[in-house]
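There are 4 protein chains.
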Amino acid sequence: MIIQLAKNTDLSEKEDLKQKIGTFGIKVTEVRTQMGDYLIGIGNKDFDIRKIGHLKGVQDIHIVSDDYKLVSKKWKVKPTSIDLGDGIRIEDGSMAIIAGPCSIESEEQIARVIQHLKENNIKMMRGGVFKPRSSPYAFRGLGLDGLKWWYEQAKAAGIKIVTEVMQVSQIEEMVDYVDIFQVGARNTQNFNLLDELGKVDKAVMIKRGISGTIEELLQSAEYVFSGGNEKIILCERGIRTYERASRNTLDLNAVPILKSKSHLPVIVDPSHGIGIREFVPQMALAGVMSGADGIIYEAHENPEKAYSDGQQTLNFQQSALLAAQIRKTFALRKTFQLL
Amino acid sequence: MIIQLAKNTDLSEKEDLKQKIGTFGIKVTEVRTQMGDYLIGIGNKDFDIRKIGHLKGVQDIHIVSDDYKLVSKKWKVKPTSIDLGDGIRIEDGSMAIIAGPCSIESEEQIARVIQHLKENNIKMMRGGVFKPRSSPYAFRGLGLDGLKWWYEQAKAAGIKIVTEVMQVSQIEEMVDYVDIFQVGARNTQNFNLLDELGKVDKAVMIKRGISGTIEELLQSAEYVFSGGNEKIILCERGIRTYERASRNTLDLNAVPILKSKSHLPVIVDPSHGIGIREFVPQMALAGVMSGADGIIYEAHENPEKAYSDGQQTLNFQQSALLAAQIRKTFALRKTFQLL
Amino acid sequence: MIIQLAKNTDLSEKEDLKQKIGTFGIKVTEVRTQMGDYLIGIGNKDFDIRKIGHLKGVQDIHIVSDDYKLVSKKWKVKPTSIDLGDGIRIEDGSMAIIAGPCSIESEEQIARVIQHLKENNIKMMRGGVFKPRSSPYAFRGLGLDGLKWWYEQAKAAGIKIVTEVMQVSQIEEMVDYVDIFQVGARNTQNFNLLDELGKVDKAVMIKRGISGTIEELLQSAEYVFSGGNEKIILCERGIRTYERASRNTLDLNAVPILKSKSHLPVIVDPSHGIGIREFVPQMALAGVMSGADGIIYEAHENPEKAYSDGQQTLNFQQSALLAAQIRKTFALRKTFQLL
Amino acid sequence: MIIQLAKNTDLSEKEDLKQKIGTFGIKVTEVRTQMGDYLIGIGNKDFDIRKIGHLKGVQDIHIVSDDYKLVSKKWKVKPTSIDLGDGIRIEDGSMAIIAGPCSIESEEQIARVIQHLKENNIKMMRGGVFKPRSSPYAFRGLGLDGLKWWYEQAKAAGIKIVTEVMQVSQIEEMVDYVDIFQVGARNTQNFNLLDELGKVDKAVMIKRGISGTIEELLQSAEYVFSGGNEKIILCERGIRTYERASRNTLDLNAVPILKSKSHLPVIVDPSHGIGIREFVPQMALAGVMSGADGIIYEAHENPEKAYSDGQQTLNFQQSALLAAQIRKTFALRKTFQLL
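Just so you know, the sequences run in chain order H, V, Y and Z. Sequential numbering from 1 applies to the first sequence in full-length UniProt numbering. Sequential numbering from 1 applies to the second sequence in full-length UniProt numbering. Sequential numbering from 1 applies to the third sequence in full-length UniProt numbering. Sequential numbering from 1 applies to the fourth sequence in full-length UniProt numbering.
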């Protein structure tokens, strides 16, 4: 049960309300985000909401039977729009393109990528400065220095920064330089990290877990929302299966299913989703047709020399071509009557 | 190693050739299809093909390191075109649409589906008369009678028949009434059935196994080809994973990968691939963008009353809309430079 | 619903009964096995069985809510014992050991294996004469000749034969030489084959599908039982997962779960279950402790020279050691109070 | 490549050595643990180790081709023994038993569990005070207070504490009260957490990831070891597959494979591995036979009233019986010649 509180509800009214609801055997969690105040009630599923609908402070009540509540479309039918400033948005009905290298490597590299993005009217850049690596001996990224170089150039160019945060202690040092915090596939269920990302007023893009279910992805988003941050983007990036001919199995089924269950925008990552450069464009366009609100892919001036993920990274020529194809495909999709 | 034999090679020349090759420690399998004669050599990978290239009867020799040989693109670069007659083809560069009910239910049902297909210029009809069911107590299909009713109407309407064959003994009784034999996902590795389908001159569409790899699908196709039948279509229909929000996980990665490895056409089945009616169109269009040469989906006048698979079956209005969208999406795809 | 018919029920009584039950909206399937006559009723789950319990011919009625009926423990609590003759049984409370090569290779090989089995008091021998191979160019077994050589020697030695049947047409030619028909992991849902195996009076061992669920294995067994054959053995042989360090993932969880759901005996195949010779003994003994009624493993005089599966095959010394360890482990297990 | 340094190597000698090795194109990582000093060399696989074997400070050099180095058996053949004090060890050749509730609930609950453990000579107790939960609204554990109550009672009783740490910031506040830090299945690839656990001198038990490979588990262990902590225990707890009849698929294949690849002890968790109380004992004993060095299972005075995981938790009577059976099974296993 979600109770949306009226804008002007004061503290004592809220406490009264919580106490009253508690008497019906319902456990209440209070949620305050950038956008509003909510009470989440768990337990006593047969509860008749008319018993509290008239109480002072209650603006609206919704029964949500899913295990996730605030991210459910059963409560909020209107799609969530993520406003990154400068007229840049990630939202249902538009097509976000996010491109950039796997790893941030140098100031020169950043400059060349930004140049490429500007030439192709791409407004968001991805790149890793803290890299999760399965081996402790592998390159772990340039860290905060890399992020600061990047920020300086991106800000000047009007380009938004999407980068992975790996642990709680990084949030504070990164927050001024990041537009979208990415939660990686190995951290989708790092609940402490999600809790803390609920406390910042920056967008958070949560990648589906390496073998995470659609339900778990939504519950992870619920952590961020219930922590206080409504600016959440979901990302399908492929799941682990028995198939070995591709790096992951891109599960595009997840796109319409997520869109039908949640009001949050959904992005597709074809680079990790198939892991083979030659086939990234096809899977990106398939992602557009499946209903995605955006595509995030890896691009590098010289993929063969990239520090990581070169085998799935497009060069600038391929990237330019793909960006145009994504836009044309999306334009066609908009003419269709799809859910 | 594949040795393509010259058209006019006589029996004794062929025997000489086989004996000669055998002396190099290579096991030879003879393959004769509708299109040509081949010798497949296995073993002795370091063999120098120049030793036999000049022999009488040898038209061409190809080294194919894959476990599948005749279906590999390493040997035959030109895409295979499946000609069903009446100008109807399944092939790279065109977009086949196959629609129809899960089960053939009655003569009246057939008539209504055919009417719908004609109105929408759809030339191929799917439907089951022999149904594989996990429970022995479930409806197992109308059998041969149903197929004969169907044949009569389809022939009159110029529509081609795609239907599943479940066992060897059915091939002979079905062959006169079928245009494309479908091998179901539970029979992808029924090697005896594949062997026998190699002996008929009808197209064979092999569905990927329930948890079959891309490699295994190609090896199953190799069975049919090496049995003597080159008219093979591959079908991605979703694989079994841990995810429970969809019936199967439609693996569209398989489309560009199959197309890059084999010269055979590839079809996508979004109905089984996601199993949820509302999302079949999105996944069909995603399949088109992934590079498929055709889409096969379930359609029924009244899906709620279908004998089986109703939850994933489109009604005629949805089907008409989808067929048009498939064509528009394919038209756009053809303007792109994709592999 | 399962209705067990009284022994002396005549045809007209049975027809009366079927008609009467049909009037309650229940679809009736008649099953006649070696052991008894049954009517299986599907539909109308709220039916009050007291309405027919008193009718002539009804010996017993059981409500079985599972999708499988006759193989369920909800109906038949007493474990099924498979009697192979000569005092050799596969059943709950004893420990069957089945050993032998992957492929039958020659009369000499058979002789040496039988000698080994006799020395170690092993009463059942496995071996393939029809081999399912993913490549059409691989060795497909010695066929019926091999089976006949084997039969002659096995019969003389009092050893029972376990071998795979791949298609319906083989059943008749094999039936006189086989004690247990094995249905391989690629044929677990070959429903026609299961139907036909329901018509013979030989034991049938069904291997779990390559990615088959426990539920599907029981439904496949239901095919054989409802076809008329109660002599069914279930075999856990590992499932396909993402893990690549072993050939399959041996799912020993399946053993106690199958034993709790069904009255049929359960066998474990550690050779295919892990696929690495050095670790077959540990997994065999783990299988015993998980509650298996038997172990089937691959043994060969010289595994390095075996035609197939050598990497997971024990030599005779290892096999002798393992057989003794299996027996000791089972003796210990019998002293425990396990389900 | 692993270079084990001589005990008395001083700083300048070590620097000389690092520089010298670097000249051969090898990237060197320095590792200092409780037990010794190492240099890990990555790159230049064809390097001839005789070129540095004679240098001052080098005690031993090993080539390790695996992606994990320090945890590999190729380097250190002798099994690692984890000494927890008071004569309590986890090591190859003995059988550790760890039991206790899913969640620590109260001081009274702790007292009763400890009483049960003492009566059954069980020396290690598991229990959660920080609980990872997929829903943000679920019970998240008693936290540090619960741990302190537990510590007081456990210390008095001579019982060791095994409990999950979820984030870096908890390590310092927990370290004085914990004997074995557990890394949960959702944190197996939380590399920052692993890094930090490398800096404490307490044992670390790493659970296999929810769909983690055996290789990834070893690489996660490598993080802890290369961070400076050799006291690592590996835990198989079931993986995520398509099978729905059990909570997870307990992959006992992992036990002999891990033991053959690494010198670290391996523990099996049958409670999470199957998730069904009635079958936990069978899977525990199967784990013993598969070669485990210990079993960790959930026990509670009254499982039906447990805050979490009640469905897979044994009561004290079942736990007492199982502990005895584990010991008897292990005693039998020791008489066998298994790898």
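The set of hints was computed from the structure by calculation and includes no laboratory data. Hints are not guaranteed to be accurate.
Copies of the same chain look alike in the list, so a pair counts if it fits in one copy or across any two.
Unchecked claim - Only pairs whose alpha carbons sit at most 25 Å apart, straight line, appear in this in silico SDA-like list of lysine to any residue:
1. Lys334 x Met95
2. Lys328 x Gln318
3. Lys199 x Glu108
4. Lys328 x Asp92
5. Lys14 x Glu304
6. Lys18 x Lys328
7. Lys199 x Gly227
8. Lys51 x Phe336
9. Lys7 x Arg133
10. Lys328 x Ile2
11. Lys148 x Gly36
12. Lys27 x Lys73
Output the indices of the hints that this structure fails to meet, ascending.
3, 5, 6, 8, 9, 10, 11
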